[in-house]
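Take the given structure of chain A and dock chain B to it, following the hints.
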Amino acid sequence: MTAFGDPVDAVIIGAGIVGCAMARRFSLEGASVVVIERAPDILSGASKANSAILHTGFDAPPGSVELQCVQAGYDEYMQIRKDFNLPILDTGAMVAAWDDSEEGRLPELLDQALLNGVADARLLSRAEVLAREPALGAHVRAALLVPREVIIDPWSAPLAYATQAKALGAQFRFNAGLLSARLDGRLWHLELPAGTVTARSVVNCSGIHGDTVERILLGEAQFEIRPRKGQFIVFDKAAAKHLRTILLPVPTARTKGVVLTRTIFGNLLVGPTAEEQEERERPDVTRPELDMLFAKAVELVPALAQAQVTAVYAGLRPASEEKHYRVHSLPEKGYFCAGGIRSTGLTAALGIARHVHGLWAQSQAASGKPTVAPQTFTLPNLAEHLPRDWQTPGHDGIVCHCEMVTGREIEAALGSPLPPGDFGGLRRRTRCAMGRCQGFNCLARLASLTEGRLSVPIAPEVDR
Amino acid sequence: MIAETYDVAIVGGGPAGLSAAIELKRRGVEKVALCERGAEAGGIPRHCGHPPFGMREFGRILTGPTYARRLVAAAAATGVTILTKHAVVHAGPDGLLTVATPAGIQTIRAARILIATGARETTRAQLLVPGVRPLGVMNTAALQAFVYQEGRVPFRHPVIVGSELVSLSAILTCRSHGIRPVAMVETEQEVQARPAFFALPRMLGVPVMTDAQVLAIEGSPRVTSVRLRLAGGTETALACDGVIFSGRFIPEAALVEASALALDLGTGGPVIDQHGRSSDPNIFAAGNMVHPIETAGHCWDEGRRVARVIAAGLANAKDAEPDKTPGRRIIAGAGLKYVVPQRLTPEGKGTAPTLNLRALGAARGRLILSDGSGTVLRTQNINSAPKKPIRFPLAGLDLAVDSSDLQLRLEPRP
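Same order as they appear, the protein sequences are chains A and B. Using the numbering used here, the letters of the first sequence map in sequence onto residues -16 to 447. Using the numbering used here, the letters of the second sequence map in sequence onto residues 168 to 581.
If you are wondering where the hints come from, they were derived from the structure by calculation, not from laboratory data. Check each hint, because a few of them may be wrong.
For the chain B half of the interface with chain A, some residues (derived, Cβ under 10 Å), not all of them [what the hints assert, rightly or not]:
hint	residue
1	Ala206
2	Glu288
3	Arg389
Glycine included, each C-beta is placed from N, C-alpha and C at the ideal position.
So here's chain A without its partners, still in its complex pose (with noise of 0.2 Å):
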């Protein structure tokens, strides 16, 4: 069995969000990392299929590790952002009650944001609503508005961390997945396909496997994930021009329900489903939750009756026997657990690497390592409002059309230090195929562009 270099400090199990987060936290701070991902890329899981919200916190459990994390993970968002060229779509959200029961409980949202520290919050009539969102159906009642919440990317983003995790000197093992884990002494010694990895300690940011990772690691688990899947309709760029704001519902016991929102891509989006589910691996789309979406948005907006699709996915959220975020750790073990984040991730996860950050350096006998100063760079600008690469001379052509992602744009990625390992992952970096025509104009092209460079290729024979 290959041992790969010498013990790290810390194995950071999965890169979605979260792991990518706690990846750049845990090397800001000066621990070694390692970061196994099953997946061929960053992003596999959950993480890739999310309402890109930058959420305020407004409607977290007040006192909750949760809303701190969302409000931590909100403000160093804003922090950073600049430095590393990720944009928002400063829309705001809107929580809209469409009955009585629902207007009747506007007040206390807004005593929950209040309450939560979101200062901001405020009601609107029902004139002040279709002042602002003028083709919203006409039964809207009123609304909350959250000026705060905004869109943003949520691929580069967590692109951003893992870049500047790795140029902090974080390896991230892909095709990774854990077979087996044995802790002696004080090393954990984690097996994977390839080889053996070797920690001091692990952070568990394993997603939708984060119970089995557990039981893997510890041999049993102190809770369950209930996979929730969650499915989205993406509608073309036409349809961005009937909303501004995010539109929230007013959430529910279980789930913050259906949202319909633009995307920083120019598109709209609504979802997602709260479908509870025992599989884990297919997030598969089925007919009767699309349509019920369908007519969710046109519900909200008649308008979308005319709007195309663009895209259609689901995700499966981690989410847990109980609401709140899964976070503990067993110091003595090295162990921690960022678990059952299921649906505030994007956000809170730089806030939830902070947290997790802290509860392991308590535990570190010796201290002693200084911050590292931060590698900073800038990522390529995906956001539709924003000046794009094709707009730039010099780039060798558009490759994808519907989304004008151009030649320059798709080599940057291939080239890049965290480079794409499947086609989902080039999407998601570049945008390609992502558009109205899904490929139709690009896909061929993308495959010869990409050959002998991803480790899923796109096509997977020559015919020369």
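Chain B in isolation, oriented as in the chain A frame:
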């Protein structure tokens, strides 16, 4: 900064755009630019490596790529300025085109604009097809680009969804590259192209399953099977390594939408009059963007016709400010998906057009054209396959009598 001024700027270098460009030059229009967003002009035929193309244009049967090369060569020979890697992102009411080029964003000014951006096939996502999203799911055009342009085979045993002409083109493409389709699946109750054509899949041993629903696409990272519910309700799984979604063409209308031209919900393309003029009198449209979908030969012919109108307008000072009256609307009534053109304008009323229409499903019965008062002006019996183009000539009718909306509807045969 305005880089260049032209008499006519054509957007899209497929058969319609190329034939329009050639015709404009032949009619003495001096400066004609053709903006093609790809690396080369020629359009969809470039990756249809099989006949029949070119009968109407060149009097002989060619493969798609040969046909495309000939059209491009003819355009270049007549002095058309072919601007490849020029993606037009906006067409303004003042004749200004915003163009993305490798040298950055440029502005082109043209007295007239012709949009001929063609059509594309409906995607798996637009059809809301259930299942997971593995590699190996694509449209026919993507498959053809794989094999004819990139020399690659994306799969060996795909399922073809759809039964239009292009679905048969998909079979031909597969067979010429050692790809053996597992089945052809049609969700409607009958095949969408002329039934006689389906001797081809039968001869090649590709089962054609009509009235079958795709329950799920399975596999990760590549397609491993497609689950179907067959006519009669039996569920089955077909082992396969790819899925080709063929046909159900929709216009490539992003530029039309971005430029705020009036759209027709039936075609998904711009509203045009019988001369190909859009809601902006200086912007014309031709080809499959206005009627998804016709043959390359039809688009070529249409490009020529619209070019003649544009050339005549440019030559005639009186017509330089064209008639902006909306004209008579033609409404696609019951049983019809669309009717093109959607408007009849008074100018050039001597040339009554032939309407181009599609039925919703199979067209069996009687087409009835009536005016605003409900008076029946003309009827025509019809019996054709679902996706087959239907022509309804207006010749001989005096349509200048009033300006009420015309309505064409299909009365199904009892």
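Broken hints, by number: none
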